[in-house]
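Engineer: As they're listed, the protein sequences go chains B, Z, R and S.
FYI, the numbering for the first sequence is 0 to 404, going by numbering that gives the first Met the number 0.
FYI, the numbering for the second sequence is 0 to 404, going by numbering that gives the first Met the number 0.
FYI, the numbering for the third sequence is 0 to 140, going by numbering that gives the first Met the number 0.
FYI, the numbering for the fourth sequence is 0 to 140, going by numbering that gives the first Met the number 0.
Bear in mind the hints are in silico, worked out from the structure with no lab data behind them.
One thing to keep in mind: the hints can contain errors.
Unchecked claim - Quick list of simulated restraints, FRET-style, between CB atoms:
no. : chain 1 : residue 1 : chain 2 : residue 2 : range
1   : B       : E307      : Z       : I14       : 44 to 54 angstroms
2   : S       : R114      : B       : L235      : 53 to 63 angstroms
3   : S       : D50       : B       : N106      : 30 to 40 angstroms
4   : B       : N403      : S       : C47       : 35 to 45 angstroms
5   : Z       : K258      : B       : N311      : 32 to 42 angstroms
6   : S       : D27       : B       : N140      : 36 to 46 angstroms
7   : Z       : K233      : S       : R114      : 28 to 38 angstroms
8   : B       : D387      : S       : Y18       : 35 to 45 angstroms
9   : B       : E67       : Z       : P147      : 13 to 23 angstroms
10  : S       : E102      : Z       : D177      : 46 to 56 angstroms
11  : S       : D27       : Z       : E185      : 24 to 34 angstroms
12  : Z       : D321      : R       : E101      : 29 to 39 angstroms
Here a beta-carbon is modelled for each residue, glycine too, at the ideal position from N, C-alpha and C.
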Amino acid sequence: MDGKAFRADFPIFEIEKSMYLDNAATSQKPKCVLEAEYGFYEKMNANPLRGFYPLSVEATKAYEDAREKVRGFINAASVKEIIFTRNTTESINLIAYSYGLNNLCRNDEIVVSITEHHSNLLPWRMVADRTGAKIKYLYPNKEGEFDPAAIDEAITERTKIAAMGQVSNVLGSLNPIDHLIKRVHEVGGVAVIDAAQSAPHMAIDVKKMNPDFLAFSGHKMFGPMGIGVLYGRKELLEAMPPFMEGGEMVDIVRFDYTKYSELPHKFEAGTVNAGGAVGLSAAIDYINKVGFDTMNEIEESLTKRAFEAMKNIPHLHILGGDSAEKHHGIISFTLDDVHPHDVSAILEADGIDVRAGHHCAGPLLEFLGVNSATRLSLMFYNTEEEIDAFTKSVASIRERMGFND
Amino acid sequence: MDGKAFRADFPIFEIEKSMYLDNAATSQKPKCVLEAEYGFYEKMNANPLRGFYPLSVEATKAYEDAREKVRGFINAASVKEIIFTRNTTESINLIAYSYGLNNLCRNDEIVVSITEHHSNLLPWRMVADRTGAKIKYLYPNKEGEFDPAAIDEAITERTKIAAMGQVSNVLGSLNPIDHLIKRVHEVGGVAVIDAAQSAPHMAIDVKKMNPDFLAFSGHKMFGPMGIGVLYGRKELLEAMPPFMEGGEMVDIVRFDYTKYSELPHKFEAGTVNAGGAVGLSAAIDYINKVGFDTMNEIEESLTKRAFEAMKNIPHLHILGGDSAEKHHGIISFTLDDVHPHDVSAILEADGIDVRAGHHCAGPLLEFLGVNSATRLSLMFYNTEEEIDAFTKSVASIRERMGFND
Amino acid sequence: MESRSFYNEILTEHNVSPYHKHDIENPDIVLEGVNPNCGDDIWLKLKCDGDIIADAGFTGDGCAVSQASADIMIGLIIGKKKEEALRLADIFIRMIKGEAREEEIDSLEEASALRDVAHMPARVKCAVLGWHTLEEAFGNN
Amino acid sequence: MESRSFYNEILTEHNVSPYHKHDIENPDIVLEGVNPNCGDDIWLKLKCDGDIIADAGFTGDGCAVSQASADIMIGLIIGKKKEEALRLADIFIRMIKGEAREEEIDSLEEASALRDVAHMPARVKCAVLGWHTLEEAFGNN
Ligand SMILES: Cc1ncc(COP(=O)(O)O)c(C=O)c1O
Ligand SMILES: Cc1ncc(COP(=O)(O)O)c(C=O)c1O
Numbered sequence: 000m001d002g003k004a005f006r007a008d009f010p011i012f013e014i015e016k017s018m019y020l021d022n023a024a025t026s027q028k029p030k031c032v033l034e035a036e037y038g039f040y041e042k043m044n045a046n047p048l049r050g051f052y053p054l055s056v057e058a059t060k061a062y063e064d065a066r067e068k069v070r071g072f073i074n075a076a077s078v079k080e081i082i083f084t085r086n087t088t089e090s091i092n093l094i095a096y097s098y099g100l101n102n103l104c105r106n107d108e109i110v111v112s113i114t115e116h117h118s119n120l121l122p123w124r125m126v127a128d129r130t131g132a133k134i135k136y137l138y139p140n141k142e143g144e145f146d147p148a149a150i151d152e153a154i155t156e157r158t159k160i161a162a163m164g165q166v167s168n169v170l171g172s173l174n175p176i177d178h179l180i181k182r183v184h185e186v187g188g189v190a191v192i193d194a195a196q197s198a199p200h201m202a203i204d205v206k207k208m209n210p211d212f213l214a215f216s217g218h219k220m221f222g223p224m225g226i227g228v229l230y231g232r233k234e235l236l237e238a239m240p241p242f243m244e245g246g247e248m249v250d251i252v253r254f255d256y257t258k259y260s261e262l263p264h265k266f267e268a269g270t271v272n273a274g275g276a277v278g279l280s281a282a283i284d285y286i287n288k289v290g291f292d293t294m295n296e297i298e299e300s301l302t303k304r305a306f307e308a309m310k311n312i313p314h315l316h317i318l319g320g321d322s323a324e325k326h327h328g329i330i331s332f333t334l335d336d337v338h339p340h341d342v343s344a345i346l347e348a349d350g351i352d353v354r355a356g357h358h359c360a361g362p363l364l365e366f367l368g369v370n371s372a373t374r375l376s377l378m379f380y381n382t383e384e385e386i387d388a389f390t391k392s393v394a395s396i397r398e399r400m401g402f403n404d
Numbered sequence: 000m001d002g003k004a005f006r007a008d009f010p011i012f013e014i015e016k017s018m019y020l021d022n023a024a025t026s027q028k029p030k031c032v033l034e035a036e037y038g039f040y041e042k043m044n045a046n047p048l049r050g051f052y053p054l055s056v057e058a059t060k061a062y063e064d065a066r067e068k069v070r071g072f073i074n075a076a077s078v079k080e081i082i083f084t085r086n087t088t089e090s091i092n093l094i095a096y097s098y099g100l101n102n103l104c105r106n107d108e109i110v111v112s113i114t115e116h117h118s119n120l121l122p123w124r125m126v127a128d129r130t131g132a133k134i135k136y137l138y139p140n141k142e143g144e145f146d147p148a149a150i151d152e153a154i155t156e157r158t159k160i161a162a163m164g165q166v167s168n169v170l171g172s173l174n175p176i177d178h179l180i181k182r183v184h185e186v187g188g189v190a191v192i193d194a195a196q197s198a199p200h201m202a203i204d205v206k207k208m209n210p211d212f213l214a215f216s217g218h219k220m221f222g223p224m225g226i227g228v229l230y231g232r233k234e235l236l237e238a239m240p241p242f243m244e245g246g247e248m249v250d251i252v253r254f255d256y257t258k259y260s261e262l263p264h265k266f267e268a269g270t271v272n273a274g275g276a277v278g279l280s281a282a283i284d285y286i287n288k289v290g291f292d293t294m295n296e297i298e299e300s301l302t303k304r305a306f307e308a309m310k311n312i313p314h315l316h317i318l319g320g321d322s323a324e325k326h327h328g329i330i331s332f333t334l335d336d337v338h339p340h341d342v343s344a345i346l347e348a349d350g351i352d353v354r355a356g357h358h359c360a361g362p363l364l365e366f367l368g369v370n371s372a373t374r375l376s377l378m379f380y381n382t383e384e385e386i387d388a389f390t391k392s393v394a395s396i397r398e399r400m401g402f403n404d
Numbered sequence: 000m001e002s003r004s005f006y007n008e009i010l011t012e013h014n015v016s017p018y019h020k021h022d023i024e025n026p027d028i029v030l031e032g033v034n035p036n037c038g039d040d041i042w043l044k045l046k047c048d049g050d051i052i053a054d055a056g057f058t059g060d061g062c063a064v065s066q067a068s069a070d071i072m073i074g075l076i077i078g079k080k081k082e083e084a085l086r087l088a089d090i091f092i093r094m095i096k097g098e099a100r101e102e103e104i105d106s107l108e109e110a111s112a113l114r115d116v117a118h119m120p121a122r123v124k125c126a127v128l129g130w131h132t133l134e135e136a137f138g139n140n
Numbered sequence: 000m001e002s003r004s005f006y007n008e009i010l011t012e013h014n015v016s017p018y019h020k021h022d023i024e025n026p027d028i029v030l031e032g033v034n035p036n037c038g039d040d041i042w043l044k045l046k047c048d049g050d051i052i053a054d055a056g057f058t059g060d061g062c063a064v065s066q067a068s069a070d071i072m073i074g075l076i077i078g079k080k081k082e083e084a085l086r087l088a089d090i091f092i093r094m095i096k097g098e099a100r101e102e103e104i105d106s107l108e109e110a111s112a113l114r115d116v117a118h119m120p121a122r123v124k125c126a127v128l129g130w131h132t133l134e135e136a137f138g139n140n
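Work out the full structure: start from the sequences and follow the hints.
Structural biologist: Quick look at the structure:
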């Protein structure tokens, strides 16, 4: 079972013949997304939100329709809770600057899991550095699993913020965010969920999940670059000061007085990326058309195929979970004596695109005792042939690097 | 003399039949720009800067080539001085947060011209609010002209930052930035130049101009939305802390240690908008192909045509300069007894797209004693017929609103 | 080219010669309403006698749609009970959204002259500015 | 599918059995070099005798290209004058950029085995890591 049937939706596969297995870094874009963005500029390009003429009204409508599309995608209560940003990183920095710096002080604690991507870690260190709050790390076991009891213990009355990714971009593990959210709410803190790796693969329902903030990137879920999302609970967003200031986020500016716009515009300073939002909206339509069920079925089958083959390669060590089900399309690994950099270079020579490095998760790798790793990451448009070529190539590497097993 | 010959370059003009005269808000995009962005996703989409496989290397090269293109466009000394942002607003907020908050304190002064767009005003008010520094406004005369002596006087030993737009988005006036830059350097302060309205219309040479920071937006100069530029002097940028933190802007992250990347990456957190940068690069190619000389010749001729006709419409008052040469394609005006909002609505009913409101320049309008104004703003692709339709429609408005002159 | 008949006679008349654009002495409620889209800015001033709106006026600056709409609104609500005024505001706002029934629209009298604004999304905020401010003044919304 | 002959014998040998990957006692200069692209991280340790590089070694972790390149570099510079080492570093870096002349490349001896990296932009940083660190160690660049 694989994604051959969907490859025609993606123009790049007609042109580029390498096997793209670096999907956690960014996804490929279906034609409908590219055409939606192109179409925006071709048919209704104007600066949204300020003009009265039909073109600007249409541009505004396209942009706000995209917001409504995103709202529905994560089942938020209101479009006021959907803020367009550039990417996950900006979304989390917005929370850090506007919520973090203004609500934390000395002796407060920020609980962050050690598995986080730098984008859900460094902003919290910045907040800690500037407010005097303390960072407390949550550690999983070597399989990447968090003990609920450890979460209960780490989160205390001092915890003002708990930050965790829904799916780890290195281990592919699904984290116990529900537990974390419930626990941090018990002590009156807020939960920040990094959904960069989950949004492209699973339905998110913020009403059920109940995070205070949730962030994701368009480019990882078939949308264009330059557009991301921050979901925030309305009461919180309303109480927060703006992050960036400038045009489009103020109603009145006089010599010595400023009245900020209502949500969500208060947090969207300057000309918005309407073309990007329209592209993201088309990406959500595409996801809905294919369906997460279909995507997951393929992705699970491909993950299993890769995992089973990799298990049997001598000297290969998979980071994290001991079964395919725990990996959600992401399998990072090391190969004895061969630097991941060289692993990926040899794969590359064989026409296979994977990533090697620290995957923007330095502390996690330090915790796991590795300097870097090679990562395979799948999307539903991948094929069994690609997986087989990948595992065959990996199996040949040690010999090609001068080791006789 | 007009821009008919160039209209075929812009796909929107084939589809949209209204007359687009709101170019200061955002420009239309030539086909080559749309195709460049589309082509990026179709041929080389990957997350730049981290992958070793050819696709990612190509994506990185396309992104960095775009940076080099921008460097050449403004004649910066090094690509390290070119930071990609979302838009002018983010560029200026970056300076405000990273430079302003860290270099100013009580008793310092920020000199800002009252003609500024909110994006070059509110960030400075934020810095003033948080650091205790004082904002000092520079006032022009009613024609929008600044007296060099007043600049010399306003900027003192206390001045740490002087912020000014090169061209006003309301008055179309060219501001004496050279004088301001020289003066603020005499007292050891830095100059922040908002080039949002000038970059689409005139060659900028930062080596000659010698600003410390300069900001502009891609979408106003034929590029896509979601991509902007911050130029900063290398010594300053190097000494500044990062603004947003996360992936792609750090070299090493350990448990308790972070080493930031070198310029320009230190200021580009998270996945970059490579597609947007490639689009902006194509926009610069387009500008170079047409040439500012040709553009200016057309724009000056159209401005003159509009200005002369408007001068003869009873009850019409042009804001700012008393001759066409002082307007650089931007003519804002009021009509006695008719709200600008209604002016633009009637123009709209006649198929003409202009903007009415405060144009994100509240304090300037307050200074000029008007609540809002209607703005005509031109681009070289506009035509004499459009100008004539505009002036004819404006001339009919008072009667249509029930006034007998 | 000729304008769609959007600026009809009722609208331009209330704009050129508003009856209620003036200050109110010792008002009980004063509230500013702002439409950021175009900088419309009105101050609604209400004088109440128990539950009854005894007198009302507005000042400020805005487009013909916002001014005429506020002027017509005030003519309609003076002498009415607070609840009735809020009921009319609700109908008016629904009319502008294209959601009111014909007989409801009839009850708006002259204010029904603004119904065409429903087709002009960009002008909706101008038309409802006074009415929203009224709702806010009475602590609704 | 077979890999382009990028990992040639000289490279894999210096990687599998590096001669100079070891600590140096009481080094005069110690400098960390990092290649953020892949997390290569080497510590270059130099012992000087006046102007002469008396001994050198490196520790750390990195890809075969960075390790082999550092190992070959150290073999080349031990016993040489600081100036000569910097001259070789300059040639090496220009070779990797595809800008060195043939006779210059010849002077690099075994290090010339890395010349193909010039065609692999993504590996350039790995190849030059040790050499850049050397330049920095001597206060150049
Ligand atoms: C003079 C000036 N500065 C700044 C801006 C803000 O640009 P952006 O909205 O692209 O951030 C604009 C445009 O709206 C402008 O005209
Ligand atoms: C888990 C996780 N969080 C955050 C990010 C950052 O996303 P972006 O680079 O789009 O801001 C990524 C992707 O790189 C990620 O995998």
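Engineer: Look at each hint and say if it fits the structure.
Structural biologist: Hint by hint, here is what the structure shows:
1. Range check, E307/B to I14/Z: about 53 angstroms between beta-carbon atoms, so the 44 to 54 angstroms window is met.
2. The hinted window of 53 to 63 angstroms between R114/S and L235/B holds, with their beta carbons roughly 58 angstroms apart.
3. Remark: the range hint 30 to 40 angstroms for D50/S to N106/B is contradicted by a beta-carbon distance near 56 angstroms.
4. Here the CB-CB span from N403/B to C47/S is close to 39 angstroms, well matched to the stated 35 to 45 angstroms.
5. The hint said 32 to 42 angstroms for the Cβ distance between K258/Z and N311/B, and at roughly 39 angstroms that hint holds.
6. Between D27/S and N140/B the beta carbon distance is about 44 angstroms. The supplied range of 36 to 46 angstroms therefore holds.
7. The given range of 28 to 38 angstroms is respected by K233/Z and R114/S, whose C-beta atoms sit roughly 32 angstroms from each other.
8. At roughly 39 angstroms, the beta-carbon separation of D387/B and Y18/S lies within the given 35 to 45 angstroms, and the hint holds.
9. At roughly 51 angstroms, the beta-carbon separation of E67/B and P147/Z lies outside the given 13 to 23 angstroms, and the hint is violated.
10. Distance hint for E102/S and D177/Z: a CB-CB separation of about 51 angstroms, consistent with the stated range 46 to 56 angstroms.
11. For D27/S and E185/Z, the hinted distance range of 24 to 34 angstroms is not satisfied, since their beta carbons lie about 46 angstroms from each other.
12. Separation of D321/Z from E101/R is about 54 angstroms and departs from the stated range, judged on CB atoms against 29 to 39 angstroms.
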